[in-house]
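Trainee: Quick mapping for you: the protein sequence lines, in order, are chains B and A. Anchor point for the first sequence: position 16 equals 16 in the working numbering, and the numbering is continuous, going up by one each time. To convert, count from 1 in the second sequence and add 1000; that's the working numbering.
Possibly wrong hints are sitting among the right ones.
Straight line, CA to CA, 30 Å or less: simulated DSSO-like cross-link-like pairs of lysine-lysine [claimed, not checked]:
id	chain 1	residue 1	chain 2	residue 2
1	B	Lys43	A	Lys1048
2	B	Lys43	B	Lys9
3	B	Lys9	A	Lys1048
4	A	Lys1293	A	Lys1309
5	A	Lys1261	A	Lys1309
6	A	Lys1327	A	Lys1076
7	A	Lys1545	A	Lys1076
8	A	Lys1309	A	Lys1339
9	A	Lys1545	B	Lys49
10	A	Lys1048	A	Lys1103
11	A	Lys1327	A	Lys1293
12	A	Lys1076	A	Lys1129
13	A	Lys1129	A	Lys1103
14	B	Lys49	A	Lys1327
15	B	Lys9	A	Lys1076
Treat the hints as calculated values from the structure; they're not laboratory data. Small disclaimer: the values here were computed from a predicted structure and weren't measured.
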Amino acid sequence: MIEAIDLEKCTGCGICDEVCPADVIHMEQVALPDVVEGLGREKWLPAIKFQQHCVTCFNCELFCPEGIVDVHPSVKNRPRPW
Amino acid sequence: MAANGMYGTHVETDILVIGAGAGGLVAALSAKRAAPPGTRVTIADSWKVGRSGHTAFSNAWTVVVAPDDDLDSVTKEIIAGNDFIADQPLIHRVLETSWDRLKDLEGIGLQWPRNEDGSYYRRPTRGLKDTRVMYPVGGGLEFSWKLKRGIEDEGVEILDRFFVTGLMKGGTERVTGAVGVHSRSGEFFAISARATIIATNAITFRTGFVRDLTGTGTLLAYRAGAKLRNAEFSYLRPGTPRFYFEGIAFAIQDGASFVNKHDEQFMLSYEPEWGDRADVPRIARAMAMERQKDNDPLYLDMSRIADDKRDFYFSSTVAWMQRFLDKLGDEARTDMFGKTPYYPQNQMTKMGLATDADCRSNVPGLYAAGLAQAGCCNHFAGFHIGMCIGTGWFSGQAAVRDLETLPPPGLDQAEVSALYRETRAPLDEAASADSDAWLLDFQRFTSRYDISIWKSAERLEEALATLAGLSQRFAGLRAPDNHELVRIKETEAMMMAAEIIFRASLMREESRMSHFREDFDFRDDENWLAWIDVHESDAGPVLTKTPIPTPITAPGAGA
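Just chain A, with the same shape it has in the complex (with noise of 0.2 Å):
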């Protein structure tokens, strides 16, 4: 590091990974791995590396495609379960490589639970017929801990607690780093890098289960001219704001059903074929259509399970759910098999860089890994590690490959400085911290039913007219301190983000995989089989329609 007398501190590195959930460590390990030896490669995280994402609060559910599963079925099964919308070749790949990934995991010291007879222990997950998934031992934390000292022993630099807040170009047409403040002292730094992998989540409006966890670094890429994707698509699922309940598909395998006031089981009208078994969007979907005809409290009625499965339930191989669960005592037993209302949850968008199959984003020197790459819009329990999995390897090799065309870039002093200034510009001592209170309006009416989840052309248009009087209030929030300096600049993706979600929303007219349009209740392939790409441009964001290209399977070929 060396002092960069005006700002802060200035960082060089060859690639630079933003976020250490699953995709960035294995985005970081991929590229140290495959980089000629003295390649250096450095991993920012906005908290701890190791500990921090979506990845450390979770099971770590994976997806793996075993030598002898039926590679092409369970592509096309993932292909379809995502309704099309779907980077087939990447999809595939991210299969293909998965039991290759399994054992460099293991090399680091990652365990998978084995049967009694020694082979891995693997189960079906929601939805689909031949794909399994497993777990390793300690779920996502260990994963996340283990992946962390992989890294950190083939010489990966580690910062923690970097918060970017924005992407540097240096005066050319390819990003050159990233600018951000460390989040406890407030100190600037710039980060020169030939290649810069962003793997920071979807972004959340913080109404996920892991409610610290923001996802701004997509929009950062947006600014710097990167395309996004799948703006309109969303992780929904039903919950319950009384408890964590991560168990849904099992308890519904156990004989629970979702029922509404009268006590009838919804779902069978809604899925024919599916009923409570049916994926989560649709679920989530039934209960705001419930909620529209007044029959809601909507409940998951758990009493149906018998009382010898019912333990299951009150145990957990994540740490802080099973502290959760044991804390609660009688009472999770209580609201878990009682009267307690559900609702349906936007958790997260599904929004992410558009890229190739090697997971480059539009703009030279930027790559997408995890969440934050859009290879597809629905994750299924254990896709989603996979594919983070899949996209970190893929994004950190293509950025080593590219590095001979990517030369260390210069600092743009005058670009640093105006960086600098957009960076602290909401910081006044004497002000009061108010964000929260507007973050609270703002979920308020982005958390609606009838606009989160069941959608129509004119609630739209109002989210819109919202959205524009809330941003003027935006404008006013200022910072007393760094904590509050970093809530500040996650808001404001998230106001960015809204915008554009509520404008890929009215553009796709049809209703397909978490997106629902009341007003076009229907798949529509011949015009819909395309992905709305989403540039800024200075009259805001620039909506176009991409085809979908089908080259292992289509609509009408099965599964």
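The shape of chain B in the complex, shown without the other chains (with noise of 0.2 Å):
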């Protein structure tokens, strides 16, 4: 399950949520604090929307270019026939 995106490290490309399958990570714009005071800022940041539905595929941590995608290799929620 996907667990973590540095985002202090992160441009903001948007690969992770292309690739990833499950529709756990959405872009979104969100406000940077000032620089000059008064003149707001924006970026696009990935954002871990439905972290219950990812799917354990490491799309977005294969792909992406920083590597600052942290996906844990654990596999939850698989039910048991018995």
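Got two chains here, separate frames each, mind docking them using the hints?
Mentor: Printed below as a string of structure tokens:
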């Protein structure tokens, strides 16, 4: 399951959103702190919107050009026959 | 595209392919190549074409019959390996044309590993003697991506993130396209098409190894009048919830064995001829029976594999699986070669559309490809994608041939209006997203070994009663956003599929392939060399029996 994206290092390229097959990651516009007072800045950054629906396919981690996505290799909630 | 004032966007095309796994991608390629210039071919996928479907997550092992192979022998052993639940002419055609398809795929840039002497690298597959399989360099992800680039180059139009919620008939007896929503924005689309190819996989209950795949298209086709087939059969295999592992057949060849809690190699007592080398549904059945005898936990004992052969199990040609193994690190070694409980798993149904050997359904204008087509019920390793490539190709060709009898349809505003309302009915911004809890309860009982693998009339009746209770609860589910709307639609299709599966399982009073009845624990060729076909009526699913023609080989003839 996806655990984290290091947003400090994220360039906002959106590839993780593009390659997620489970609609878990959504690019969202976020406000950044003002550098010059009164001049607002915004940036598109990935949000882990539906972590519970991650299918642990590793696409986001594999395709991230910055290598800043971490997927934990545990497989959760798989129903068992007994 | 043109704006459809009231409801969203109206798209017109000639041939619409829904689903972009191997079956859909090949169908689009086939249709575009066969069609006269100017014919519009559109492929839509609920996610991203080229990254989507079961194919993209697989090795893409595929069966190929080379010119020097014995086509007749391969055909017969695959039909027998399906316990004769097989469309024999279709399977023969898929195999007969597999070499041509290999060359088509090479033509769009796919490469296949070769031996030092330049010949293709091929290997046998589980349970078959003459059949050979091969995989493309880069596995399923490269396979899907190259095909996506190939169809783009040929002018196929691509619609990403289009989740289909209904098929249109425009007041006629034929299918005239589909409606759906953009899975992110929620924008409503109506796509008018002269021919529609369903290639949305067989339905799953999100229990397989690619759990975002649900394969709802077959149920939409059912609601549009299409006959479904093979509902009582499933993809059964042993597995462990602890980690992904696709190498059981190799492990057994290297000496691994299934054992019970007493360390007994139980497979030999169920399958004296094959033992651990039995086909995976037989292993799943044996595991279910061991559980019934209180002999669980069960294990795949890989400690029997020699040390110098173990590194093989920590490498994969599939990028995501390699990353998974790398990140598990030492834990993978401990899990794999230690005492990790294994279970029999029912990963997906084999229910697909009943079609002719050209992949035409019983509804004019509607075709099926890939695992949405019910040509056989056991895909072995490699035959899975082999069938997808073959049925994809044939469906595309048939759709083009039929175009002259399928004039461009008009848009029936009343129908679109009704489908629009039906699609959006669950939306309620103030609601909470509760479909996960419902799905878990659904999975808990549909995954039970004594319902999904080792069946009986009593337990199937009980399952139908449980399902009826869950159906009432389902009616109350609402979606606060588009993400949940899609989840609810997928879950609704699973619920419909479960009823069909239980009813077909009740009807087939024998055991065959992956359908095992405790109360009818024998194969009955006299009464059951037949398909169970299911169509919708106002009173619910109607099940009928269709004898299976055996023009190539029959039970008792030998493979």
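Trainee: Please verify whether A:Lys1327 and A:Lys1076 have alpha carbons no more than 30 Å apart.
Mentor: 43 Å, violated
Trainee: Holds or violated: B:Lys43 and A:Lys1048, Cα atoms, limit 30 Å.
Mentor: 24 Å, holds
Trainee: Need the status of pair A:Lys1327, A:Lys1293: alpha-carbon distance at most 30 Å?
Mentor: The hint is violated at about 37 Å.
Trainee: Would you check the hint for A:Lys1545 and B:Lys49, treating anything up to 30 Å between C-alpha atoms as holding?
Mentor: Since the Cα atoms of A:Lys1545 and B:Lys49 sit roughly 47 Å apart, the hinted pair is violated (cutoff 30 Å).
Trainee: Does A:Lys1103 sit within 30 Å of A:Lys1129, going by the straight-line distance between their CA atoms?
Mentor: Holds, at roughly 24 Å.
Trainee: Run the distance test for B:Lys9 versus A:Lys1048: straight-line Cα separation, threshold 30 Å.
Mentor: 26 Å, holds
Trainee: Between the alpha carbons of A:Lys1261 and A:Lys1309, is the straight-line distance 30 Å or under?
Mentor: 25 Å, holds
Trainee: Could you grab the alpha-carbon distance between A:Lys1545 and A:Lys1076 and see if it respects the 30 Å cut-off?
Mentor: 24 Å, holds
Trainee: Taken at face value, is the distance from the CA of A:Lys1309 to the CA of A:Lys1293 at most 30 Å?
Mentor: 34 Å, violated
Trainee: Does the alpha-carbon distance linking B:Lys43 and B:Lys9 stay inside the 30 Å limit?
Mentor: The given pair, whose Cα atoms are some 13 Å apart, holds under the 30 Å limit.
Trainee: Against the 30 Å threshold, does the CA-CA distance of B:Lys9 and A:Lys1076 hold or violate the hint?
Mentor: Distance ~58 Å between B:Lys9 and A:Lys1076 Cα, so the pair is violated.
Trainee: Given the hinted pair B:Lys49 and A:Lys1327, is their alpha-carbon gap at most 30 Å?
Mentor: 24 Å, holds
The earlier numbered hints that this structure contradicts are 4, 6, 9, 11, 15.
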